[in-house]
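**Student:** What follows is the residue order along each chain.
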Amino acid sequence: MARLKSILICGSGVAAWFMAAGLSRALEGQGCRITVLDDGATEDSACLGRAVLSLPALRAFHGVLGLSEDQMIKAARVWPYTALNMGTYHIGIGDHGARLNTVAFHHFVTWLRQGGHKADIDTFSIPALMASAGKFTRPVNDPNSVLSGFSYGLVLDVGRYSDLLRTYAVSRGVDVAEGRLTKVDGSGAQIASVHRDQGAPLAADFYIDATGEPARLMSAVEVPFEVDLYLNANRILPALPHDTGVPMMSAGCQMLPVMGGVISDEAATNGDGRAFVQGRRAQFWVSNVVAAGHAAGVLQPFMGHELQLLHTGFTRLIGLFPDDGMSPVLAREYNRLMTQTFDRVRDFVLLPQVLRGQAEGPPELARKISQFKSRGRVVMYDEESYSESFWVSVLMGEGVLPERYDRIIDSMEPERLTQQLIKMRDIMARAVSAMPPLKAVPVTSGVPA
Amino acid sequence: MTNAITDIVICGGGTAGWMAAAALSKVLSRDVNITLIESDEIGTVGVGEATIPPILTFNGLLGIDEDEFLKATNGTFKLGIEFVNWRSPDHRYIHPFGTYGVDMQAIKFHQFYMKLKQMGGDSQVLGELEDYNVCAVASRLNRYLRPKPGMGEVMAGMKYAFHFDAGLYARFLRGHAEGRGVKRIEGNIAQVNQRASDGFVESVTLQGGQTVAGQLFIDCTGFRGLLIEETLNTGFEDWSHWLPNDRAWAVQTDNNGPLTPYTRATAREAGWQWRIPLQHRTGNGYVFSSKYVSEEAARETLLSTIDGRAITEPRLLKFKTGRRIKAWHKNVVALGLASGFLEPLESTSIHFIQAGITKLLALFPTQDFATIEEDEYNRLTRLQWEQVRDFIILHYKATLRDDTPYWVRNRDMAVPETLTQKMELFAAKGRIFRREDDLFAEDNWLAVMYGQGIEPKGYDPLVDGLGLEDIRRNLKNIKSVVARTVQAMPTQEAFIRHACASDAFLKSAHISA
Ligand SMILES: Cc1cc2nc3c(=O)[nH]c(=O)nc-3n(C[C@H](O)[C@H](O)[C@H](O)COP(=O)(O)OP(=O)(O)OC[C@H]3O[C@@H](n4cnc5c(N)ncnc54)[C@H](O)[C@@H]3O)c2cc1C
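Chains as they are written, first to last, in this note's numbering: chain E, 1 to 449; chain L, 450 to 962.
Treat each hint with caution, since some may be false.
[Claimed, not checked] If you want a taste of the chain L side facing chain E, the calculated C-beta under 10 angstroms gives, among others:
(1) K475
(2) S478
(3) R479
(4) N482
(5) L510
(6) D514
(7) F813
(8) E904
(9) G907
[Stated by the list, open to error] What follows is a list of derived Cβ distance ranges for each label pair:
(10) E686/L / E388/E: 25 to 33 angstroms
(11) G357/E / K906/L: 52 to 60 angstroms
(12) A948/L / Q114/E: 28 to 36 angstroms
(13) A555/L / A203/E: 53 to 61 angstroms
(14) R180/E / A555/L: 49 to 57 angstroms
[Unchecked claim] So these bits of chain L aren't anywhere near chain E, every CB distance computed over 12 angstroms:
(15) E517
(16) K520
(17) L617
(18) E627
(19) D647
(20) P707
(21) T754
(22) A811
(23) A819
(24) A876
(25) A953
Because the hints were derived from the structure by calculation, they are not lab data. What you are looking at is a predicted structure, and each value in this text was computed from that prediction instead of being measured. Each residue gets a CB set at the ideal place from its N, CA and C atoms; glycine is no exception.
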């Protein structure tokens, strides 16, 4: 068994260049040739909107590549955000309050409300407070500071982000093949070669399908697409110009500081805009091909899952990196992990719709909701991409109030506890009001042209 | 809350019963009455003396002072388990707690080790994988030092647990529980009384006629499962086709030789033998399958292989491996042996009790007993049991032994698909993926898969991205820091004498050693 000598990435846009950039860094010094062959697609291969949100974890990816945030800000019209505005509440990136006596904070909110107090969980969230006050500062490292429990993501212009990754990959020796992809030769269950409209067919030890929804390589090896049973939106219209500083999501409409889109169903749009079908491939890796971006699966825009799924897929691929023996064990493990990852993200995207009675949910999500309703317990399955606080924000924000709080609270002194909580809220409010405005962040203007 | 539980009855006063009493009385509000019933006549199993690191969390929850606890239970420190004769006769390896080496560039440390090993070269310089684990190296030299923050990267990778006297542990917890108002009743439960409408347990009646009522019953009555099985008939999932051991002989001996900071598990012709050293004595036992060796022969084997003088008569324990299908049913939650049994090879039973209590608190019911609480508890419990089951089966499946029918059978058995996948991934390139609730982390799986003789055929190709010289230098450096760190530790005996010696320890002979 020998190391892989060549990888061919088919496609364009964010999925293709994300993988190219990542692989060029991870396989540095291993003599593996990485080539990208454009498929001629006009739509992006991983993002439906013209802007996309990232989650904090993506910074680790940029860190490995050696891309500084300043570089990104210059090149990709980047805007930081700490919370997604959901209309009546925020999904903040970070903790609510602080743990007291090992009890998760949201139990105290339940306790306060049951005791007749008005308690809005947003007022215990630094990132939510920052978003609603239009403030921004970077978190600090000191665990004792109230400014340590949050983080922030970036709003990215999809086209510019893709170009940035492309420039990076090419500067590190990734080849751009001439011509466009025309036909895929799948002999048996694996890819044999890829044809193009000019030049000889290309062959490689390993392929990455970044051709977006058509998934031209995955289709060639006959991996079926499974339509999601619960998510039905299938159109996105480009968003109108607007000047929101904080990403917003309301009634099927996503507005990002650069430009998002209006998500809806076909009837409402008279067939305009970009069509899509939500769902995922039955497998993500078969024999010598791995799918990335929309070739792997499609979900309507929400809070950063597009890049998160690319990143997780990339990390897992590196963790299970094959040699030319292509052991099926690796693909099996990759598929197990990524199927769960995808489905748990799908649950998160679906959650507000289910809570508003607009959609049904799978049993895993039903369990999450009923456990929270009864106990305030957040069930976390294997391979969750969104941590507890994201789920709590949506559940409470959509009006689910647990019937009971953690019993440990009953062993605490109620008067003192109430005072402590009020004090906590005041400290948070003061900390946020002292922050500089978001507009003061030195970024290239994010208002759409 | 109007329909809050106000009366909890714990049936059974073994390790499970008193752990539950201590934890519930600590966490729940003072208004909840907790009663524990135990029978002197029936007694406890009296074994179960080795633990794993999460017990420190349990002690933390109870606010227990560690040294006081060790003094009271004749406790010692445990840095891992030494497996003797498991891979093949005369082979030994340590499954240490704690981490191997230091990861580099987000690549697991052992991948670098595998690369150098597979390249050949000076095996003397490279050493064994164990040389990079501080718990393993300290075990070999019988050293111990309690890790504290600020002691450096090597010590930060050190984890430990305890060995203790099961009887004294229950007594110690009883002190805590009674101090917080738990009421203890001595007596034999003769009858369990169910509500006619739905079969919920209403009360239990003791032999003398006294009736104890409650809303929540915790069944800690041992193997029989007086409430959960004998009353509610929840059923048992039998796992003995994977794990056929069904008996154990247990005997205590005098301490002999240096005090080892680890449990020893020695494979025998039809099972394995434990050795658990405490401050004042050593616990021993032979866990075996009665299909492959007679009780008499097993007793002989045990008595002829213990390394100190026997100070008790050998005692025979019988069990069946598997789990209660519903550890929580109606208003009964089973903890300890009443909830099922997995052999003590990785010392997980006491942890299951602790994990059960934690889950019960997170899902604490009210008097209406919503089924979603019961269902979630049972789902999580099943996941955890299955993961640990796979880990235990691994020790039997991955073996080169074929010297007795018992070992041939183990080697050839069909194992759960989840385990096969894990073993194949490791065999190919040393990869390990942990499942989220898995009690055992990557390094635990590594220790046992590698120790049992699964030798990865390759290594992670990403390792090639780092220069060979850098890798060599790093490994050499880590190995020597680990060695120096351990050299600077006191022996376990010296540490105990200084920090937590019991009266029995101070009186016993081996301190002169
Ligand atoms: C051979 C062997 C080795 C083990 N080694 C380990 C180990 O190294 N590490 C580990 O973590 N675990 C180990 N275990 C498991 C561990 O011993 C048990 O998990 C632990 O002791 C808990 O036991 P228990 O409290 O559930 O049951 P028991 O100790 O059996 O207690 C049962 C209690 O119920 C009471 N009772 C029963 N019936 C009645 C009745 N009718 N009326 C009133 N009271 C009643 C009894 O009086 C007693 O108090 C081992 C087990 C065995 C069999």
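**Student:** For each hint, tell me whether it holds in the structure or not.
**Tutor:** Verification of the hints:
{"no.": "1", "hint": "K475", "in the structure": "holds (8 angstroms)"}
{"no.": "2", "hint": "S478", "in the structure": "holds (4 angstroms)"}
{"no.": "3", "hint": "R479", "in the structure": "holds (7 angstroms)"}
{"no.": "4", "hint": "N482", "in the structure": "violated (14 angstroms)"}
{"no.": "5", "hint": "L510", "in the structure": "holds (8 angstroms)"}
{"no.": "6", "hint": "D514", "in the structure": "violated (19 angstroms)"}
{"no.": "7", "hint": "F813", "in the structure": "holds (5 angstroms)"}
{"no.": "8", "hint": "E904", "in the structure": "violated (15 angstroms)"}
{"no.": "9", "hint": "G907", "in the structure": "holds (6 angstroms)"}
{"no.": "10", "hint": "E686/L / E388/E: 25 to 33 angstroms", "in the structure": "holds (31 angstroms)"}
{"no.": "11", "hint": "G357/E / K906/L: 52 to 60 angstroms", "in the structure": "holds (54 angstroms)"}
{"no.": "12", "hint": "A948/L / Q114/E: 28 to 36 angstroms", "in the structure": "violated (46 angstroms)"}
{"no.": "13", "hint": "A555/L / A203/E: 53 to 61 angstroms", "in the structure": "violated (31 angstroms)"}
{"no.": "14", "hint": "R180/E / A555/L: 49 to 57 angstroms", "in the structure": "violated (36 angstroms)"}
{"no.": "15", "hint": "E517", "in the structure": "holds (22 angstroms)"}
{"no.": "16", "hint": "K520", "in the structure": "holds (27 angstroms)"}
{"no.": "17", "hint": "L617", "in the structure": "holds (28 angstroms)"}
{"no.": "18", "hint": "E627", "in the structure": "holds (18 angstroms)"}
{"no.": "19", "hint": "D647", "in the structure": "holds (19 angstroms)"}
{"no.": "20", "hint": "P707", "in the structure": "holds (39 angstroms)"}
{"no.": "21", "hint": "T754", "in the structure": "holds (40 angstroms)"}
{"no.": "22", "hint": "A811", "in the structure": "violated (6 angstroms)"}
{"no.": "23", "hint": "A819", "in the structure": "violated (6 angstroms)"}
{"no.": "24", "hint": "A876", "in the structure": "violated (8 angstroms)"}
{"no.": "25", "hint": "A953", "in the structure": "holds (35 angstroms)"}
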